[in-house]
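Following the hints, complete the assembly by docking chain C onto the known chain R.
Note that the protein sequences, when read in sequence, are chains R and C.
My numbering applies: residue 1 is where the first sequence begins, and numbers increase by one.
My numbering applies: residue 1 is where the second sequence begins, and numbers increase by one.
Read the hints as simulated data drawn from the structure, not as lab findings.
Be aware that one or more of the hints could be misleading.
To be verified - Straight-line C-alpha distance at most 27 Å; calculated DSS-like pairs for lysine-lysine:
| no. | chain 1 | residue 1 | chain 2 | residue 2 |
| --- | --- | --- | --- | --- |
| 1 | R | K115 | C | K51 |
| 2 | R | K84 | R | K71 |
| 3 | C | K386 | C | K11 |
| 4 | C | K4 | R | K115 |
| 5 | C | K397 | C | K363 |
| 6 | C | K308 | C | K454 |
| 7 | C | K199 | R | K115 |
| 8 | C | K454 | C | K316 |
| 9 | C | K386 | C | K319 |
Since this is a predicted model, take the numbers as computed values, not measurements.
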Amino acid sequence: MDSSDASKSVRPVGHVLALVVERNPIVQRLERYFLEEAGYQVEFSNDGASALARAKELRPAILITEILVPKMDGLTLCRQLKSKPETAGILILVFSHLEAEDRAREAGADAFLRKPLNEEPLVETLSRLVARHQDILRGKK
Amino acid sequence: MSRKRLSTGIKGLDQVLGGGFPENSMNMIMGSPGAGKSILTEQMVFANASKERPALYLTTFSEPLEKFILNSQSYTFFNPAQVGVEILYEDLGQPLREKGYAALPDLITEFVAEWHPRILVFDSFKALSELARTAEEGRLVLFDLATLLANYDCTAFLVGEYGPDTMTELPAFAIADSILSLQRHTLAGNDQRFLRVEKLRGSSFVPGLHAFSIGAGGIEVFPRLLTPSSFTSYSDDSGRRVTTGVQGLDPMIESGFWRGSTTLVAGPTGSGKSMLSLQFLYQGALAGEPGLYVGFQENPVQIARITKGFGWDTGKVEKEGLFELMYRSPVEMQLDEVAFRIFERVNEGKVKRLVIDALGDLKRRSLDTDRFADYIYSLTQWFALKQVTCLMTYELKELFEFHSITGEEISNMSDNVLLLRFTPEAEMARTLRVVKTRGSAHDHREHLLELSQKGVAVGKPWKGMRQSSS
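Bound conformation, chain R alone (with noise of 0.2 Å):
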């Protein structure tokens, strides 16, 4: 059995940094493993606040952010990033158990996945993400 066969196929070409927003440190030993094994480059926050400075800090290709995050919630991170300006290209995915995919995408999320994890969706919808950052990188040279 391999499962990877299609985050294989979808493999982000050079390192393509994501910020994971999590605050438990079990799930983001296992998201770790699987956007690893996807060649995505992790690095993680534990709440939304910290997320916000790292953010800035690192600027990632890619946030994935739970919503139930302390200190400030997934939705109101979002719409920080979206608003300034050196921050507004990051893509965001926001992976939840909430049922909030409209309130997501009002906040200003570019795609909107539920959970429990299941690492081929995952790895299909940061692909289409990446995608798309690259053609954005292309329009700007």
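The following block gives chain C in isolation, referenced to the frame of chain R:
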């Protein structure tokens, strides 16, 4: 939003659970050793596993992995082609012995990252959790494991040799989304197997004890018979009458039984209950109405002797799908299995007439008398709804005089009651009296029940010793 279900692959259990276990849930399968927990869980795994939905079966300390697989292969659901491709067996005991119980969430994370399972089984989880050095460690590890399983798209089964008294004490029961308890009850020296849903979060289920059996194909579940939620009322349409097939009986109850009615045929041994009932089925079959005889005393060979004696060609109507004998040993049968088998056939359109011979055998296999009365009531309501006309026989101990027909108000639940007995004269003639009909007028007189080479027939009214001899 209702949760998707993972079918158990066991029709009766899916009915009990409302379609199966909720997907992405943590489920507890509990019961004493030998209750059938592992068989049930493996059967579910083999029914569901695929390349898209791989299953990881983790054995622990209750049984070595090799012995476990050896035992499992004796069941027909065990498909070796699935093992190693769609179903992975791993021993969790050894790595935990080396790393300690606290390493359990990390180990499971590694297994998940490696195998991507959508179904995950811990067998036995109880044996595993006994490795916790303190209650606090046990609780913390369980919480971390539950967090992992709640966040990962996978349906988990925790199998354990837990007794009912542990449910309020152990944290695993509070965390579990569902609890399925497998039990054994001893009745007259025989074990009967039952299962019960103790908990099913966010979903309704069929409450109570549900019988199940274990055979070569694994587990078969027979959901407890419940009263139907809708009812059919009888109409005055004479076309809805069903001829009894017994000469002279139809005019005693206007023109036959109401379709969908239940008739109690009570009488002492040898009074003609089985003969009358078989004739009801056979004559119905000749008229194109399929019938089912459910018997617990006479086996098919003995029944064939009776029917052959009357010159009935039951083999012919049997081949045409109009007559079926369903024999169950009165020692081993379970009430709900009998009902399940009957309604399997009814729902396939194979039964319009039914005989249950005899109620006393069913009663002896019931765990309590209240349950038996509920069961019979539900049966009669289902027969009315499904328009199955039923005769149920009941054996009375006294030969000549009766103080009550049955002790469980079964006669109240029946639409009609036919009382068969012997006259007290030396000849001991058989008689039949219609004691009760619901929604019909009836002849109140006691009639002779005559037995000939063609079957039974209702004769002239019996007027007692003096008059009949004059």
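Consistency of the hints with the structure:
no.: 1; hint: R:K115 x C:K51; result: holds, 21 Å
no.: 2; hint: R:K84 x R:K71; result: holds, 19 Å
no.: 3; hint: C:K386 x C:K11; result: holds, 21 Å
no.: 4; hint: C:K4 x R:K115; result: holds, 14 Å
no.: 5; hint: C:K397 x C:K363; result: holds, 15 Å
no.: 6; hint: C:K308 x C:K454; result: holds, 10 Å
no.: 7; hint: C:K199 x R:K115; result: holds, 24 Å
no.: 8; hint: C:K454 x C:K316; result: holds, 17 Å
no.: 9; hint: C:K386 x C:K319; result: holds, 24 Å
Consistency note: the structure conflicts with none of the earlier hints.
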